Amino acid sequence: MKILVSIKRVADPDNASKLKVSADGKAVTSEGLEWKMNPFDDWSLEAALRLTENAAEKNARVGEVVLVSIGPNDEHTQRIIREGLAKGAERGILVEAEEGDLDAGVVSSILKAIVDKESPDLVVMGKQAADGDSNVAGTKLAEKLGWPIINYAMTIKTNDDGKTLEVQRELDTGVAALKVSGPAVLTTSDRILHPESVKNGVTPEDHKYAKLEVGGRYASLKGIMQAKKKAIDQMSIGDLGADAGKALNYTKFELPPARSGETTFVEDAADLVDKLHNTAKVI
Amino acid sequence: MANVLVVAELLEGKARKTTLCAVTAAKQIAEGTGGSFDILSIGEGASASAEELAAYGAGKVLKAEIAGGYTNEKYAATVAEAGKGYDVLVACATAYGKDLLPRVAAKLDAGVASDISTVHTDGGKLSYTRPMYAGNVSGTVEITTDKQVVTVRQSEFDAAEASGGASPAEDIAIQSDPAADKVEFLGVEVVKSERPELTDADVVVSGGRALKSEENFANIIEPLVDALGAAMGASRAACDAGYVPPELQVGQTGKVVAPNLYIAIGISGAIQHLAGMKGSKTIVAINKDKEAPIAQVADYFLVADLFDAVPALTDAVKKL
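Protein chains in written order, with my numbering: chain A, 1 to 283; chain B, 1 to 320.
These are computed hints drawn from the structure, not numbers from a lab. A few of these clues could be false.
[Unchecked claim] The calculated label-pair distances, taken between Cβ atoms and stated as ranges, are:
| hint | chain 1 | residue 1 | chain 2 | residue 2 | range |
| --- | --- | --- | --- | --- | --- |
| 1 | A | Ala23 | B | Asp122 | 50 to 58 angstroms |
| 2 | B | Lys288 | A | His277 | 54 to 62 angstroms |
| 3 | B | Gly229 | A | Pro256 | 42 to 50 angstroms |
| 4 | A | Lys281 | B | Lys125 | 18 to 26 angstroms |
| 5 | A | Ala231 | B | Thr144 | 32 to 40 angstroms |
| 6 | B | Gly242 | A | Lys228 | 22 to 30 angstroms |
| 7 | B | Ala67 | A | Gly261 | 35 to 43 angstroms |
| 8 | B | Gly229 | A | Ser220 | 47 to 55 angstroms |
| 9 | A | Ala60 | B | Gly229 | 31 to 39 angstroms |
| 10 | A | Asp243 | B | Lys288 | 14 to 22 angstroms |
[Claimed, not checked] Which stretches of chain A does chain B cover? Using the computed rule of at least three CB atoms under 8 angstroms from a CB of chain B, they are:
| hint | stretch |
| --- | --- |
| 11 | 114-126 |
| 12 | 248-254 |
Quick caveat: nothing in here was measured; it's all calculated off a predicted structure. Backbone N, C-alpha and C define an ideal beta-carbon position, used for all residues, glycine too.
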């Protein structure tokens, strides 16, 4: 099974409250913040790695994961691809682009060109990027390919060829179960990191992964060493012949107003109820 | 002049209230540009829902009855065909809207502004403000394609009120899509609750990892939730640990809520959680650690062990 996983670099999402906006309001500046792998892509990479390994045999690789990142061709983007390679992915692709030239439509066109070239069985993507929070590129990609998409996959069950998959999809009203014939696009939900979220027909059915609290697996020292020798193909949007016409034009960025007022520390439960009832008048 | 089509969201044969938030946004777009709006009722129960949706002042209500469970592949071609006659397509930014509309947009070569919080129609020109970076930046965006596709954040648009009258209904043809044959719908488990909906409640009580177990949610949080007539929410950590089901998650990747009162119990307040609740009018934190990041947004903070404080709070609320 061959899986394409897209990974985007984003300004450290855990410190997003430190972002600033340029004086003219035309740009978001993330100076002082580290570039990180979009956490939602990290979760998807974890799912893709589980789909292509035998976890009972020291995570022996039984398939191929190809990473693609679209962004500036610099040390930061390369570091993030290397991080994914160190976790276990086989190869990387870096499509050079300026952040300001991208939107979900352009990204999906670039990814379509990569899919046409690489012919993966699956594309597994983060449901959204932690910067733009759009949640659009995966589904647009699926439509451009004429493929099905399962958004917000929380469990994935397939066999080692990945041709058909049973997927549970998280809704805001419950959970839907679907059977999908590949090739297909998947995006993942928070729940994909569960110890038993992925079954691939190779790893024993009863295998439980270690509980992951924050993101996907850490790279092993061996993985980090091996990643140094793995290939990262570099290319431009022009090389791919992808449609680079943007549909979104951001005219202004602003920091949202801070919450007004101080925090009142209350004595006890009775004091809290008194304040909520008599001062805030919300109960 | 923008003519708008609202894509209704049906659940078990009835239009969800989320549809009415999309109607409010559609009215703003239509009124601000001198256009009009229609509603598309699609899915199982579309005809019955169309009757209900006829009371909101739409020019007409289109209906497309499609049996069986929802997949975006099954609906998108029909929505796109209907959408050809409109300038803007609008749905609520729920798991449904965010799944369906991008596929429709790709069919129509349209840009998507997702999860918008404000509609601007200055001089008849449309733009939208949307939260980005987990709500830490607001971006105002124009869509430059001929057609525009928008999903709206439920907590930022009040549900439209029925205005009387009856919009005429019109059946539309169901379009097929080869991608639909590749997905088989096996079933859906819809979670039922007697409590108010999380995104629609005046009061939300949320618990975090500090609750430690499903039983503690039931014994500590739920009595307070019910004493306040509130909806119950949770942090990602609590949902991940299985203390409560995933659809109760509040945050960047869960639900975004903006109730009059939000009570965060044993929640440290990671940036991803704040993204889902910092628009609440009054925020209360109950936490052992007064330095917890939740303090950045809390109006009232009770520094206490939740296992003592919450039952006492429940008792005090009951005495009101």
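Evaluated hints:
1. Ala23(A) <-> Asp122(B): 50 to 58 angstroms: violated (22 angstroms)
2. Lys288(B) <-> His277(A): 54 to 62 angstroms: Violated - the Cβ-Cβ distance for lysine 288(B) and histidine 277(A), about 24 angstroms, lies outside 54 to 62 angstroms.
3. Gly229(B) <-> Pro256(A): 42 to 50 angstroms: violated (29 angstroms)
4. Lys281(A) <-> Lys125(B): 18 to 26 angstroms: violated (40 angstroms)
5. Ala231(A) <-> Thr144(B): 32 to 40 angstroms: holds (37 angstroms)
6. Gly242(B) <-> Lys228(A): 22 to 30 angstroms: Violated - the Cβ-Cβ distance for glycine 242(B) and lysine 228(A), about 39 angstroms, lies outside 22 to 30 angstroms.
7. Ala67(B) <-> Gly261(A): 35 to 43 angstroms: violated (52 angstroms)
8. Gly229(B) <-> Ser220(A): 47 to 55 angstroms: Because 51 angstroms falls inside the window, the suggested range holds.
9. Ala60(A) <-> Gly229(B): 31 to 39 angstroms: The hint (31 to 39 angstroms, Cβ to Cβ) is violated, given that alanine 60(A) and glycine 229(B) are roughly 55 angstroms apart.
10. Asp243(A) <-> Lys288(B): 14 to 22 angstroms: violated (54 angstroms)
11. 114-126: Answer violated; 0 residues pass the 8 angstroms Cβ test.
12. 248-254: holds (count 7)
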